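**Student:** Sequence:
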Amino acid sequence: MHSSYAEVYKGWREDPEGFWMDQAASIDWFEAPHKAFDPDQGAYGRWFVGGVTNTCHNCVDRHVAAGRGDQAALIYDSPITGSKRSISYAELLAEIEAFASVLADKGVAKGDRVVIYMPMVPEAIVAMLACARLGAVHSVVFGGFAASELATRIDDSKAKLVVTASCGIEPGRIVAYKPLLDAAIEHSHHKPEAVIVLQRAQHHCELIEGRDFDYAELVGASMGRKIACTPVAATDPLYVLYTSGTTGQPKGVVRDTGGHMVALEWSMRSIYGLKPGEVFWAASDIGWVVGHSYIVYAPLLHGNTTIVFEGKPVGTPDAGTFWRVIAEHDVAVLFTAPTAFRAIRKEDPEGALVGKYDLSGFRALFLAGERADPDTIHWAERVLKVPVIDHWWQTETGWTIAGNPMGLGLLPIKYGSPAVAMPGYDVQVIDDAGHPVPAGTLGNVVVKLPLPPGCLPTLWNAEERFHNAYLAEFPGYYKTADAGFVDEDGYLFIMARTDDIINVAGHRLSTGGMEEAVSNHPDVAECAVIGIADSMKGQIPAGFIVVNSGVERSDEEIEKEVIKLVRDQIGPVAAFKTVMVVKRLPKTRSGKILRATMQKIADGESWKMPATIDDPGILDEIREVMTKHGIARKHD
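For the sequence shown, full-length UniProt numbering gives the first residue as 1, with consecutive numbering after it.
Please keep in mind that the hints were generated in silico from the structure rather than gathered at the bench. Just so it is clear, the structure is predicted and the values come from calculations on it, not from any experiment. All C-beta atoms in this analysis are idealised placements derived from N, C-alpha and C, irrespective of residue type, glycine included. A couple of the hints might just be wrong.
[Unchecked claim] No farther apart than 25 Å at their CA atoms in a straight line, the calculated lysine to any residue pairs in the SDA-like style are these:
| hint | residue 1 | residue 2 |
| --- | --- | --- |
| 1 | 608 | 275 |
| 2 | 158 | 182 |
| 3 | 106 | 210 |
| 4 | 448 | 395 |
| 5 | 479 | 458 |
| 6 | 592 | 387 |
| 7 | 346 | 327 |
| 8 | 191 | 462 |
| 9 | 583 | 620 |
| 10 | 191 | 148 |
| 11 | 312 | 381 |
| 12 | 275 | 410 |
| 13 | 600 | 552 |
| 14 | 312 | 358 |
| 15 | 158 | 462 |
| 16 | 592 | 611 |
| 17 | 592 | 619 |
| 18 | 592 | 349 |
| 19 | 385 | 355 |
| 20 | 226 | 85 |
| 21 | 583 | 619 |
| 22 | 110 | 233 |
| 23 | 600 | 563 |
| 24 | 106 | 187 |
| 25 | 110 | 38 |
| 26 | 312 | 628 |
| 27 | 414 | 440 |
| 28 | 628 | 615 |
| 29 | 226 | 236 |
| 30 | 628 | 548 |
| 31 | 312 | 324 |
[Said to hold, decoys possible] Label-pair distances were calculated between CB atoms; the ranges are:
| hint | residue 1 | residue 2 | range |
| --- | --- | --- | --- |
| 32 | 28 | 561 | 54 to 60 Å |
| 33 | 564 | 275 | 47 to 53 Å |
| 34 | 82 | 433 | 57 to 63 Å |
All chains should be modelled from the sequences, with the hints used to inform the complete structure.
**Tutor:** Structure below.
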């Protein structure tokens, strides 16, 4: 392995506290922490105990003070509305101070919770940073989320105030947010004291007298006001981000202040290989953890310019929109989900649109959010001619568990692997009884405690649930709920969520491995494999494929070839005999395929419409296709 990574990882192994104390020097502290780690605090210990700091100060004020005020902090690019705006660090500071003053006038103080229900607009990031400035805890809920889901988040966080916009804009439609929010507040037991609404030109909404206030009016009246950053403890929460729980009750992942900043600042340098001043683009949404970590906090902590993109990889206006943004704003590094690249490839299989743009300043593409199949990586490498780097992490960790650290010198790429554990993570693979398994053997991927800085210390007001969900099953370890293996070189391969390992006649098989084989077919744009109940074998796999645009061969022909591919690559043991061509796959808005819901439909179990689904109509289409193929019979 590259000496730089090996040395850094070894340095962390030999002295974890010294390693993280050294990294802590890259952020400003009002009072320095008196120790790196206290094992006696919290469920598994807490980082930077005794430290006092503020995230907004570190993201904005210190850069302005250091003379970077004129540098662009945010570039807003909205192909969906046709508007663009560049905001310097100094301008961002002025707007944050104005909005923090507004929040303070409404009674928001340190420790209060504020729900932010906004589209991808600069004001959403201003709201997040204004909360941080006051020491208030923000909880961003993906714009357009259903009223019932929003209500549970308002109730669980006991939000003092909600910041929203009149609407979000999707290709071809406007999503009015205010009726959803009004219904959520009506349903919630806890009632926020005020709602601040950004009125967008595309759709104005009615404001309720006495409760609702106009964002632009309040901020306009407060411009020029100064408000100091509130000192908070390193262990105080910065935000709560709700992730879907299996019980239907969302889990509020807590992010602390000090460890979060230290880990993210280190990641920008060491993992993404960026220098302050360069342009970084995470093509995600602030409703997800990628948006929190890598649209907002990490780039601003590191003094980069971050892109706030309101659009889609295809359809705004075409499959070349990513290349336009990279060329126009001189993006050095892009981070997005593999699903975005599969969508682009489906529309432009040859990558012809890349040639229209000057991408000479573009250095690397990072992928995460779901398994990056080798086929998608090969395609991206071919059309972009830059390193394409898979890395793996979770909402709970907030930053990379395993990756290929560009800032430390790239390691050799192994397709299908997000590479190696990052400093802070001792990643192991164990069997269901908690024993280590040999290299190359599929098992439960776990992280030896303590988790590094930046990871969740607990769930919001749910200490016992935190313990049961993550720590109880394998004492001494954090359970990732992913299945995979580590090879003899220490490279990790994530094959599936542990729920996606299927048992075919006693053989434990990974749906991820089958999907890899299916996606090697030249006509397949994307695919999903699920396990369905079978009286003889326990479970058998079923494949769903979306075919590339412009393919004129019959579905039956492609289905037969795909079955043969899996048989050739995985063997007859997979019992892979069912493939269905579908128009599209059901996904969450962050691009994850809803395999568990598809499996429930196939097995005739009761299921609930997932709150995060992008388009509910797709599940009906999938069910029809299943029924046609003799699956999902039990529904009829």
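**Student:** All hints, please: hold or fail.
**Tutor:** So, going through the hints one by one against the coordinates:
1. With a C-alpha separation of about 45 Å, the suggested pair residue 608 and residue 275 falls outside the 25 Å cut-off, and the hint is violated.
2. Only pairs whose Cα atoms come within 25 Å are accepted, and residue 158 paired with residue 182 is accepted, the gap being roughly 16 Å.
3. Between residue 106 and residue 210, the direct Cα distance comes to roughly 12 Å. Compliance with the 25 Å bound is thereby established for this hinted pair.
4. Of the supplied pair hints, the one linking residue 448 and residue 395 holds, its CA atoms being roughly 18 Å apart against a limit of 25 Å.
5. The hinted pair formed by residue 479 and residue 458 meets the criterion: a straight-line CA distance of about 14 Å does not exceed 25 Å.
6. With a C-alpha separation of about 23 Å, the suggested pairing of residue 592 with residue 387 holds against the 25 Å cut-off.
7. Between residue 346 and residue 327 the CA atoms are separated by roughly 22 Å; this keeps the pair inside 25 Å, and the hint holds.
8. In summary, the hint linking residue 191 to residue 462 is supported, as the alpha carbons are separated by about 21 Å, within the 25 Å threshold.
9. Between the alpha carbons of residue 583 and residue 620 the distance comes to roughly 12 Å, so the proposed pair stays at or under 25 Å and holds.
10. Restraint check for residue 191 and residue 148: the C-alpha separation of about 14 Å stays at or below 25 Å, so the hint holds.
11. Pair hint residue 312 plus residue 381 holds up; C-alpha atoms about 21 Å apart against a cutoff of 25 Å.
12. As the CA atoms of residue 275 and residue 410 are separated by approximately 16 Å, the hinted pair is consistent with the 25 Å bound.
13. Proposed proximity of residue 600 and residue 552 is contradicted: the alpha carbons are some 32 Å apart, above 25 Å.
14. Of the pairs offered as hints, the one joining residue 312 and residue 358 holds, with about 20 Å between alpha carbons and a cut-off of 25 Å not exceeded.
15. Taken as a hint, the residue 158 and residue 462 pair is honoured in the structure, with Cα atoms around 14 Å apart against an allowance of 25 Å.
16. Taking the CA atoms of residue 592 and residue 611, the gap is near 13 Å; set against the 25 Å cutoff, the hint holds.
17. In summary, the hint linking residue 592 to residue 619 is supported, as the alpha carbons are separated by about 14 Å, within the 25 Å threshold.
18. Under the criterion of a C-alpha separation no larger than 25 Å, the hint pairing residue 592 with residue 349 is consistent with the structure, at around 21 Å.
19. Our distance criterion of 25 Å between C-alpha atoms is met by residue 385 and residue 355, whose separation comes to about 12 Å.
20. With a CA separation close to 24 Å, the supplied pair residue 226 and residue 85 stays within the 25 Å bound.
21. With a C-alpha separation of about 11 Å, the suggested pairing of residue 583 with residue 619 holds against the 25 Å cut-off.
22. Straight-line distance between C-alpha atoms of residue 110 and residue 233 comes to about 11 Å, which keeps the hinted pair within the 25 Å bound.
23. For a cut-off of 25 Å, the pair hint linking residue 600 to residue 563 stands: about 23 Å separates their Cα positions.
24. With a C-alpha separation of about 23 Å, the suggested pair residue 106 and residue 187 falls inside the 25 Å cut-off, and the hint holds.
25. Distance hint between residue 110 and residue 38 is fulfilled; the C-alpha atoms sit about 24 Å from each other, no more than 25 Å.
26. For the hint pairing residue 312 with residue 628, the CA-to-CA distance comes to about 32 Å; that exceeds 25 Å, so the pair is violated.
27. Between the alpha carbons of residue 414 and residue 440 the distance comes to roughly 14 Å, so the proposed pair stays at or under 25 Å and holds.
28. Between the alpha carbons of residue 628 and residue 615 the distance comes to roughly 22 Å, so the proposed pair stays at or under 25 Å and holds.
29. For the hint pairing residue 226 with residue 236, the CA-to-CA distance comes to about 24 Å; that is within 25 Å, so the pair holds.
30. Using a Cα cut-off of 25 Å, the hinted pair residue 628 and residue 548 holds, with the two alpha carbons roughly 22 Å apart.
31. Distance hint between residue 312 and residue 324 is fulfilled; the C-alpha atoms sit about 12 Å from each other, no more than 25 Å.
32. The hint said 54 to 60 Å for the Cβ distance between residue 28 and residue 561, and at roughly 59 Å that hint holds.
33. For the pair residue 564 and residue 275, the supplied restraint of 47 to 53 Å holds, since their beta-carbon distance comes to about 49 Å.
34. Hint check: residue 82 to residue 433, Cβ distance near 58 Å, so the stated range 57 to 63 Å holds.
Consistency note: the structure conflicts with the earlier hints numbered 1, 13, 26.
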